Structure formats: C-alpha cells, structure tokens
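Protein sequence lines correspond, in order, to chains A and B. With the first letter of the first sequence counted as 1, position 95 gets the number 95 in our numbering; the numbers rise by one all the way through. One gets our numbering by counting positions in the second sequence from 1 and adding 364 to each.
There could be a bad hint or two in this list.
As the list claims (entries may be wrong) - Not the full set, but computed from the structure, chain B residues with beta-carbon under 10 Å of chain A:
#1 Gly648
#2 Phe665
#3 Leu677
As the list claims (entries may be wrong) - Far from chain A, by Cβ distances over 10 Å, these chain B residues were calculated:
#4 Ser371
#5 Leu437
#6 Asp498
#7 Glu616
#8 Ala679
Hints listed in this document are in silico derivations from the structure and should not be mistaken for laboratory results. Since the structure is predicted, the reported quantities are computational estimates derived from the model, not experimental observations. Each residue gets a CB set at the ideal place from its N, CA and C atoms; glycine is no exception.
2 protein chains.
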Amino acid sequence: MNVRTASSPIGLHRVVEPVGVLPQAADRLDPSPEIWPDEVRVRVERLNLDAASYRQLAAAHGGDGPAVRRAVLETVRRRGKMHNPVTGSGGMLVGVVDEVGPESPHRLPPLRLRPGERVATLVSLTLTPLAISDGLSGWDGLSEQVPAAGHAILFGRSIVARLPGDLQVPLALAVLDVCGAPALTARVVGWHLAAGELERNDRAPAVAVLGGAGKSGSLSLAAAREAGAGRLVGVVPNDAEAAALRAAGLAEEVVVADARDPVGLAAAVGDPVDVTVVCVDVPGCEGGAILATRSGGTVVFFSMATSFSAAALGAEGLAADVTMLVGNGYVPGHAEHALRLVRENAGVRGLFTSRLASEQGSRS
Amino acid sequence: MNVRTASSPIGLHRVVEPVGVLPQAADRLDPSPEIWPDEVRVRVERLNLDAASYRQLAAAHGGDGPAVRRAVLETVRRRGKMHNPVTGSGGMLVGVVDEVGPESPHRLPPLRLRPGERVATLVSLTLTPLAISDGLSGWDGLSEQVPAAGHAILFGRSIVARLPGDLQVPLALAVLDVCGAPALTARVVGWHLAAGELERNDRAPAVAVLGGAGKSGSLSLAAAREAGAGRLVGVVPNDAEAAALRAAGLAEEVVVADARDPVGLAAAVGDPVDVTVVCVDVPGCEGGAILATRSGGTVVFFSMATSFSAAALGAEGLAADVTMLVGNGYVPGHAEHALRLVRENAGVRGLFTSRLASEQGSRS
Numbered sequence: 001m002n003v004r005t006a007s008s009p010i011g012l013h014r015v016v017e018p019v020g021v022l023p024q025a026a027d028r029l030d031p032s033p034e035i036w037p038d039e040v041r042v043r044v045e046r047l048n049l050d051a052a053s054y055r056q057l058a059a060a061h062g063g064d065g066p067a068v069r070r071a072v073l074e075t076v077r078r079r080g081k082m083h084n085p086v087t088g089s090g091g092m093l094v095g096v097v098d099e100v101g102p103e104s105p106h107r108l109p110p111l112r113l114r115p116g117e118r119v120a121t122l123v124s125l126t127l128t129p130l131a132i133s134d135g136l137s138g139w140d141g142l143s144e145q146v147p148a149a150g151h152a153i154l155f156g157r158s159i160v161a162r163l164p165g166d167l168q169v170p171l172a173l174a175v176l177d178v179c180g181a182p183a184l185t186a187r188v189v190g191w192h193l194a195a196g197e198l199e200r201n202d203r204a205p206a207v208a209v210l211g212g213a214g215k216s217g218s219l220s221l222a223a224a225r226e227a228g229a230g231r232l233v234g235v236v237p238n239d240a241e242a243a244a245l246r247a248a249g250l251a252e253e254v255v256v257a258d259a260r261d262p263v264g265l266a267a268a269v270g271d272p273v274d275v276t277v278v279c280v281d282v283p284g285c286e287g288g289a290i291l292a293t294r295s296g297g298t299v300v301f302f303s304m305a306t307s308f309s310a311a312a313l314g315a316e317g318l319a320a321d322v323t324m325l326v327g328n329g330y331v332p333g334h335a336e337h338a339l340r341l342v343r344e345n346a347g348v349r350g351l352f353t354s355r356l357a358s359e360q361g362s363r364s
Numbered sequence: 365m366n367v368r369t370a371s372s373p374i375g376l377h378r379v380v381e382p383v384g385v386l387p388q389a390a391d392r393l394d395p396s397p398e399i400w401p402d403e404v405r406v407r408v409e410r411l412n413l414d415a416a417s418y419r420q421l422a423a424a425h426g427g428d429g430p431a432v433r434r435a436v437l438e439t440v441r442r443r444g445k446m447h448n449p450v451t452g453s454g455g456m457l458v459g460v461v462d463e464v465g466p467e468s469p470h471r472l473p474p475l476r477l478r479p480g481e482r483v484a485t486l487v488s489l490t491l492t493p494l495a496i497s498d499g500l501s502g503w504d505g506l507s508e509q510v511p512a513a514g515h516a517i518l519f520g521r522s523i524v525a526r527l528p529g530d531l532q533v534p535l536a537l538a539v540l541d542v543c544g545a546p547a548l549t550a551r552v553v554g555w556h557l558a559a560g561e562l563e564r565n566d567r568a569p570a571v572a573v574l575g576g577a578g579k580s581g582s583l584s585l586a587a588a589r590e591a592g593a594g595r596l597v598g599v600v601p602n603d604a605e606a607a608a609l610r611a612a613g614l615a616e617e618v619v620v621a622d623a624r625d626p627v628g629l630a631a632a633v634g635d636p637v638d639v640t641v642v643c644v645d646v647p648g649c650e651g652g653a654i655l656a657t658r659s660g661g662t663v664v665f666f667s668m669a670t671s672f673s674a675a676a677l678g679a680e681g682l683a684a685d686v687t688m689l690v691g692n693g694y695v696p697g698h699a700e701h702a703l704r705l706v707r708e709n710a711g712v713r714g715l716f717t718s719r720l721a722s723e724q725g726s727r728s
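Can you build the whole structure from these sequences, using the hints too?
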C-alpha cells in the first residue's frame with residue numbers, strides 16, 4: 001500500500017507549514033507536480049490576480065511592472081501558492097487539464113473532467129498549489145491578468161469549471177473570478193422578499209451596489225434585479241463610470257460617491273436600502289455601507305479589503321441593527337448563474353468587455 | 365447662533381483626522397470635556413479592554429505590566445480614544461454621568477439619564493472620545509479591567525446602559541461588554557428554527573459554541589438553549605475549562621479541542637451543526653468553524669481576531685455553502701437580554717464570577 005493514498009479532499013497533505021492548518025491558512029504548500037489519487041494537475045495558462053491583491057502590489061512598487069512581477073514570482077516560489085501576504089487574497093487561474101487522478105471526484109458527473117480540457121479554478125489561489133516555470137516572461141506586471149506557464153494542483157473538493165466555448169477566455173475568467181457575488185446577492189434579495197411577504201408588505205427590497213460598474217458589482221446588480229429587487233441604486237466613484245453604468249441600464253439610479261466617505265455615501269444613496277452590496281476593492285467602506293442600510297437590512301461584503309473589526313465595531317458604534325455577511329465565494333451553481341447573466345444581459349457584457357479592453361490597452 | 369449646534373449624532377464633529385470619516389475609522393478624536401448640546405460627559409471609573417486588544421498588548425510587552433500601561437496611555441493620548449492600532453479593537457467603560465446636554469436623546473424615555481448615575485458605554489472605546497487624568501496609577505497593567513480616572517464623551521446615538529443595582533460593577537461590566545453575542549446567537553437560532561418549520565422538519569437546530577466557557581461563549585450557550593436550540597456543543601481548549609463548563613450545565617456535550625486546528629475541531633464536534641458561534645479570541649479559527657458547520661448552516665464570528673479574508677476564502681476553498689455573519693455588537697435589547705440571562709442562569713453566573721475572581725487574583 002502506497003503512503004500516497006492518504007491524501008485529503010481539502011488538501012491537508014499538501015500543507016508544509018505550519019502543519020495541521022488548512023491550505024488557505026498555510027504559510028507554505030507543496031506544489032510538486034506528482035498528483036495524489038484524488039487530485040488533478042492543470043497546466044497553467046493564465047493567473048487572474050484578485051483586484052485587492054493587484055492594487056496592493058502595484059501601489060507597493062509604485063506601478064513598476066518588473067518589480068510587481070518579481071514580487072509575484074517570489075511569493076509563489078516561497079509559499080508554493082500565489083497568496084498575497086499583505087491582503088491575504090489571491091485570485092484564480094485558467095489552464096488545461098494535464099492529468100486526472102483515478103480517484104478524483106471531478107472524473108464523475110456532472111463535470112466528467114478529462115485531460116486536454118480548458119478549465120478555470122473557482123477556489124482561491126491562496127489555497128492552490130502552484131509552480132511557475134516561465135518567470136512570467138509574458139507579463140509586464142501592469143494588469144491583473146497574468147499570462148503564465150507552470151502547473152497547479154486541484155484537490156478532491158476544489159471547485160473547478162470547464163470554460164465555456166462561446167465566451168472568450170479573458171471574459172469567462174473575469175466572470176468566474178467574481179461569480180460568488182451575484183449568486184449570494186440573489187440569495188439575500190430572496191431572503192428579504194420572503195421576509196416582506198411574511199410581513200405582508202408589497203415592497204420589493206431596495207438594493208444598493210457599491211462599485212456597481214465593476215465586475216462583481218455589475219453582475220450583482222443584474223442578479224438583484226432578476227431576483228426581484230425593487231429600487232436599484234448603483235454607486236460609482238466618478239462620472240465616467242456613471243456614464244458607463246447608465247448606458248448599461250442595470251440600475252434605476254446611478255449616483256457618484258466616494259464609498260469611503262460614509263456621510264457622502266449615505267446622502268447619495270438617499271432612503272436607506274434593504275440590501276447593500278460592497279464590491280469596492282478599497283479599504284474603509286464599512287461605515288458608509290452600514291449607514292446606507294436601513295435597520296433590519298443586510299450588508300454583504302465582497303471586497304477583500306473589508307476589515308472585520310471595522311465592520312463589527314462600526315455597526316455597534318452607529319447602533320445599526322444590520323445583518324452583515326462575509327461574502328462567501330462559494331454558492332452552489334454560482335459559475336453557471338454568472339455565465340448565464342453575462343450571456344443574457346448585454347449591459348453586463350458591455351461593461352466587462354470594455355473593462356477588459358481598457359486593461360488590455362493599458363498594457364501596450 | 366453658536367457653531368456648536370452643528371454636532372452630529374454619530375460624532376463626526378469630534379473627528380480630528382482624517383476629516384470626514386466616522387469616529388471609529390478616525391486616527392484621532394477630539395476628547396475635550398466641553399459637551400455639544402446632544403452629548404453626554406461621563407466621569408470615567410473603569411475601562412474594560414477587549415480580550416483581543418489586551419492579549420495583543422500583553423504579548424507585545426512580554427507581560428510587563430508597566431509597559432502595557434504606558435502603551436495604553438500613549439494610545440489614548442495620541443488618538444483621543446482607546447483604539448488598539450494593531451487589533452483595531454477597543455472595549456468599553458463604566459463611569460458616572462457628569463453632564464447631560466440639553467438636546468441629548470438620553471434625557472428622554474426609556475433611559476431618562478441624569479447626572480450622578482452610573483453607566484456603562486455599549487459602544488466601543490474605538491469611537492468614544494476619552495481622556496485619562498490619573499496616569500492609570502491604580503492599574504498594574506496585568507488585567508483587562510483598568511481602574512481609571514478621566515472623562516469620556518457619548519454622542520446622541522451612542523448606546524449606553526444604566527448599571528443594574530443588583531449586580532456588582534465588574535460583573536455587570538463584563539456582561540455588558542459581550543452582550544451582543546447572546547442576542548445575535550438567539551436571533552440566528554430563531555432563523556434556523558423558522559427555516560426548519562418551513563421545511564416541516566422537527567429537528568431543533570444544533571449549535572456549537574467555540575470558547576463555550578468564556579464570557580461571550582457561556583452567554584451564547586444559554587441564549588441558544590433559550591431560543592430553542594437542540595443539540596448544544598461547548599468547545600473549550602483544555603480540561604479545566606471543560607470541567608467548569610460541565611459543572612455549569614450549559615451544554616449537552618462539552619469537548620476539548622484547539623479551535624485553530626480545523627480537522628481536530630471538526631472531529632471533536634462530530635456531526636456538523638446548524639450554527640457555529642465563534643467566541644475564541646485567538647486568530648486562525650475560521651477554517652475550523654466552517655468545517656464544523658453543515659451545508660446550509662451559519663457561522664457567527666464574534667471574535668475580534670477574525671480575519672475577513674480567511675473566512676471568505678476559507679469557505680470558498682472548502683466549497684462550503686455556509687452563511688457567515690460578522691458579529692454585530694448591537695442588537696436592540698441586547699443589554700437587558702444578557703443581564704437577564706446572568707440573573708436567571710446560575711451556570712452562566714458561576715462561570716463569570718469565577719473568571720472575574722481569577723482575574724482579580726492574578727492582579728495581586
């Protein structure tokens with residue numbers, strides 16, 4: 001009997017230090033390419049750094065692309081995963097399946113994964129064993145999307161999606177990266193609808209999305225409308241984003257406000273809403289989100305720049321009886337839900353493609 | 365007309381820098397003793413540092429009491445509030461009302477606050493303007509409870525409770541400090557009960573409390589039982605706490621586990637529970653709490669040592685469909701609820717008094 005049969009579906013066997021913690025909490029993972037029976041090895045094509053992580057790296061290195069690239073390489077080399085030690089966040093990746101272990105659950109329906117198929121990982125890079133083999137030579141360090149060669153490992157319980165054939169890879173990757181947000185937004189709107197029905201009021205829940213013109217924000221607006229939201233407010237930081245969001249037609253009201261300015265934000269939103277969704281990847285948005293939400297309402301924090309203590313103590317300090325959710329990146333069916341929204345909603349698709357084009361343009 | 369009439373019920377007028385943020389997010393508040401028309405000034409008698417903050421200070425100074433005292437004094441002097449810059453947390457205080465502004469809502473029912481009454485602040489010290497006048501000379505730096513002289517300011521919307529006459533001040537203060545936890549636990553158990561009734565199952569929600577023998581933990585266990593929980597599991601770090609919790613009779617099952625060890629914790633809890641309440645004030649408990657909770661369940665994080673990104677990415681990495689709540693310290697009626705639990709539940713009262721006695725003893 002081979003010792004390798006003792007792998008764990010959540011990847012405990014790949015944790016190098018400290019021993020016994022989950023891969024996400026680990027300082028260092030073992031990224032060696034030999035797979036255990038329930039694992040899958042993916043040949044990496046592209047990393048998608050999460051927005052908070054990329055923003056931190058770019059700021060720390062003053063926008064110096066080669067320095068950002070060296071920092072990412074050093075993190076992956078040292079930790080065996082792309083886990084930004086400052087923000088605690090990662091991102092996801094796309095690649096081609098190299099080998100599927102004989103005991104991998106991904107062999108089975110509904111996925112039936114086979115070598116040669118292009119997939120995106122829906123678990124964070126913070127817990128995905130990763131090795132880079134090309135020194136990221138195809139990346140200028142100036143964008144979140146990182147062409148890369150190397151390999152990554154999926155555990156038995158790691159979530160993965162086959163890339164759809166009808167969407168370009170960068171678009172599909174960008175959608176899948178944030179697909180937890182629209183799914184959870186839809187669920188929370190559903191809770192408020194059900195509560196309203198119990199109380200026999202006819203008011204559909206009002207929803208505000210901070211960062212409404214962004215990737216997770218535009219998907220969340222579309223998901224909220226589909227789930228039965230009433231008044232929909234998109235909050236954006238400047239006039240250019242306001243114009244883009246108005247053109248996309250995803251919200252009845254589009255307002256310009258700095259989400260870090262609680263009083264200004266609450267004034268811009270106007271009547272407090274039932275659900276506030278925070279999709280802004282800068283620190284300091286907790287107070288404004290709480291202040292913009294009515295008593296009995298819910299704030300969903302998707303931004304990885306959210307501070308737990310600022311949220312907890314901020315609500316207490318405002319005597320705000322709001323339910324605050326940590327935006328869980330996993331909701332069953334989230335990938336299919338988000339891909340469907342992008343396919344069916346021209347407004348969302350337009351915002352994604354113009355954002356991807358400008359990222360591409362800035363890298364020239 | 366006096367410029368002083370422009371005060372804000374949430375204290376924006378006391379923010380020195382950066383301008384425009386909420387008091388909790390501010391680097392520095394103005395703690396000057398003159399009150400605005402809607403404010404209350406309190407003569408401070410005692411600070412209660414929150415557990416995560418005190419633990420950090422004690423560790424940073426190697427348990428050197430005078431050094432811890434100097435650090436607290438320096439923070440208050442520099443920031444105009446006791447806001448630990450490392451943990452982001454504070455605590456609360458008790459004192460005697462000195463002056464109630466003519467426009468303070470606390471003059472009105474139900475509180476009808478008057479000078480001379482002893483009160484506890486239920487808003488965090490992280491947003492309470494505070495000045496210390498005695499150099500904390502009565503404190504040895506070796507405990508969370510800090511005898512202190514000075515003054516503090518309450519805003520129009522700051523929550524405050526009159527201290528009950530039938531409980532000793534340190535006991536009442538310790539209860540009020542954590543009173544958000546039992547109130548929110550009761551609410552979440554209620555949600556799961558209602559959801560179970562909708563699904564027509566007869567199963568009362570199973571609840572696990574990490575740190576069940578502690579202050580917020582024991583209150584949360586008592587609140588969960590009263591709210592209709594079924595199986596109740598108290599998780600404690602060692603045999604001494606297990607014996608104390610068993611004697612208190614607050615949980616059917618008392619198990620010893622390190623909450624930072626996800627696999628060990630989940631094994632100790634056994635069948636995944638509907639609701640997990642995290643009351644352990646050490647970092648790294650996110651993964652274990654998620655792993656101990658069934659799909660569709662809820663994790664409530666009360667520990668200020670919780671990492672937002674570890675919770676969000678941990679759930680995603682485990683493909684865990686759990687709802688994760690930021691433990692809001694404010695739920696209407698929370699103070700009365702917690703004080704009633706302590707009065708009516710001898711088990712909770714016993715755990716509190718023995719803990720307070722041992723803290724007292726360690727200061728001799």
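Problem set entry | Those earlier numbered hints the structure runs against, lowest number first | 8
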